[in-house]
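Asker: Sequence:
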Amino acid sequence: MTLRVRCVQAVFDCVVNSLKNVLNIMIVYMLFQFIFAVIAVQLFKGRFYYCTDDTKSTEPECKYELAHDD
Numbered sequence: 321m322t323l324r325v326r327c328v329q330a331v332f333d334c335v336v337n338s339l340k341n342v343l344n345i346m347i348v349y350m351l352f353q354f355i356f357a358v359i360a361v362q363l364f365k366g367r368f369y370y371c372t373d374d375t376k377s378t379e380p381e382c383k384y385e386l387a388h389d390d
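Using my numbering, the first residue of the sequence shown is number 321, and each one after it goes up by one.
Don't read these hints as lab results, they were simulated from the structure.
Among the clues, some could well be false.
Computed spacing ranges between beta-carbons, pair by pair [as the list claims (entries may be wrong)]:
| id | residue 1 | residue 2 | range |
| --- | --- | --- | --- |
| 1 | 372 | 337 | 45 to 53 Å |
| 2 | 347 | 367 | 29 to 37 Å |
| 3 | 328 | 350 | 30 to 38 Å |
| 4 | 325 | 359 | 45 to 53 Å |
| 5 | 323 | 343 | 25 to 33 Å |
| 6 | 339 | 359 | 27 to 35 Å |
By construction, the Cβ of each residue, glycine as well, lies at the ideal position given by its N, Cα and C atoms.
Let's have the full structure, built from the sequences with the hints guiding it.
Answerer: So, in structure tokens, the structure goes:
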């Protein structure tokens, strides 16, 4: 019985250690994703903008400001 407990404990320890390593890898991966996202935002700067209003012909006409109730 004690051999079985030792085996289960060894497997559990192995899983916990591997999860720690996976967590570290995920942190590095998310950091790279964030860096590339910031670079993409700076690189493209709204070039993929398009107007969904067919009555407007130019980009300045399509952009609008919300009216403020004073």
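Asker: Are residue 347 and residue 367 spaced within 29 to 37 Å by their CB atoms?
Answerer: Given a distance of about 31 Å, which is inside 29 to 37 Å, the answer is holds.
Asker: 27 to 35 Å was suggested as the range; check whether the CB atoms of residue 339 and residue 359 agree with it.
Answerer: Holds: the Cβ-Cβ distance is about 30 Å, inside 27 to 35 Å.
Asker: Take a look at whether the Cβ-Cβ distance between residue 325 and residue 359 falls inside 45 to 53 Å.
Answerer: This hint holds: roughly 51 Å between Cβ atoms.
Asker: State, for the Cβ atoms of residue 323 and residue 343, whether the hinted interval 25 to 33 Å holds or is violated.
Answerer: Roughly 31 Å apart at Cβ, these two residues keep to the hinted range, so it holds.
Asker: With respect to the beta-carbon atoms only, verify the hint that residue 372 and residue 337 lie 45 to 53 Å apart.
Answerer: holds (52 Å)
Asker: Within 30 to 38 Å: is that where the Cβ-Cβ distance between residue 328 and residue 350 falls?
Answerer: holds (32 Å)
Checked against the numbered hints given earlier, the structure satisfies every one of them.
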